[in-house]
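Residue numbers (my numbering), protein chains in the order written: chain L, 1 to 370; chain C, 1 to 110.
Keep in mind that the hints were calculated from the coordinates and are not lab data.
Predicted, not measured: the structure shown is a model, and the values here were computed from it.
There could be a bad hint or two in this list.
To be verified - Listed next, the stretches of chain C that the computed footprint assigns to chain L, with coverage defined by at least 3 CB atoms under 8 Å from CB atoms of chain L: (1) 3-13; (2) 20-31; (3) 58-65; (4) 90-96.
Glycine included, each C-beta is placed from N, C-alpha and C at the ideal position.
Residue strings, one per chain:
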Amino acid sequence: MNRMTDSPSKRRALVIEDDADIRGLLVHILSMQGFEVAEAGTASDGLEAARAGADLITLDLNLPDGDGVDVCREVRTFSDAYILMITARTDEIERLTGLETGADDYISKPFSPRELVARVNSLFRRQRSHTAADEAHADERRRAGEVQQSLLPRDSLQLDGFDLAGRFRPSRSVGGDFYDWYPTEDGMHLTVADAMGKGMGAALIAATVRAVMRSAGNSTDLDAAFEDAARAMEGDLEQAGSFVTLFHARLTTVDGLVEYIDAGHGLALKVAGDGTCTRLTPGGPPVGAWPGQRWTSDRVKLDPGDSLAIISDGLLDIYDTVEDFTAAVAGVVHSSPTAADACRMLLGMADVPEVADDVTVVVLNRRAEN
Amino acid sequence: MQFSTEHRTGYTEVLGNGRLNMVAAPKLRDVVSAVVAAGKTRIVINLAGTSFIDSSGLGALIGCLKLARQAGGDLRIACVQPQVQMVLELTSMHRVLTPHPTAEGAFSDD
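Isolated chain L, as found in the complex (with noise of 0.2 Å):
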């Protein structure tokens, strides 16, 4: 979290403003006050600046491609910079400070250079006084963190003749994908999950569906154990009006055969030796999305050589089309040496403003004969 600063110099401020004169003028004042400052002129440069980092955001209400209301709660979903909005009326500060904007101070133009200075150094001050709540929030916030990590397999299994990695990065503190394996007599079992939305409730339910997903391994048959599975969690979907994807799959390390699952995530693809790359075909919906879904189970086979990589879709965001997603992949997996050099890699390149989902990769790589 990017929330204050005890050295004045690194303070990053960003101004929003679609008027020339006036964003000049804000960044000016911010300037002569110790910040390093970024600009932009509509709602949508704004949010991808914002997305690199801010503490402090002076935001006009009226910008060009959006509603500076828009924009000030989509900053609260990923930030805790301090937000002054700038509005062009006086009687516009008191409906919004009715609505719950999550801007922390409003100012009306004209506004004179002292005055906006003495908001930014109240706001500042503000938040001084507020530190013990807001430790105490960050410490739990940490804590779900901690815990939600713990809760991701913390050793890598050994599998004859393969090689298994896998990351998850949080947008948040915590957040709503998960991935899990487990051994079996003759190789494992793999859940990569993606609860809707991010945050604390994706995370309560990417705990629930793991708990669950577990408890499906005892069954022998796929399908059924899916089945069962999914239903199990319907109903608690259904009530906190959330769905899950999920990719499960089988592993039989003999013979290489993946038996697997995947409903509604859609980003498993099989890279070949030779480095050409197939997605894995659907098996149907998220779970919870619909009501009376059947799922359908597919197998892949992984000849030595060949790896398999599921995703989650944050890290699609950076991509225009799934092909080119695939082909980066692919080329990361096929390049790497091992799986976690890979899944290095691949979460190395969702480290851009562009994502600002959860991201979590899983790698297989059936070890090449000598």
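Position chain C against the provided structure of chain L, taking the given hints into account.
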């Protein structure tokens, strides 16, 4: 994200401009709830101006479809842009929320 509602012959059209995500999702639900509460249960969501959808946005469309069906009507989507089409196909939800090329044609089959 901005929504507007137009009452047409035989259906009510809801237009959405912007990104249908975690922030816009509750808004869409509110807009469609109000339409359904007013007794209009044949709804077309025109997505011509919706450039992006995430899982929360998809959840909102599904929730709105449920609302319309529960009230004895239906909800259809039209003028879907490439990223939205991609998400619908990846999640196999295009079978439930089938995109129609135009808003006028969305209810033409019945």
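- Unmet hints by their number, sorted upward, for this structure: As far as the earlier hints go, only 1 is violated by this structure.
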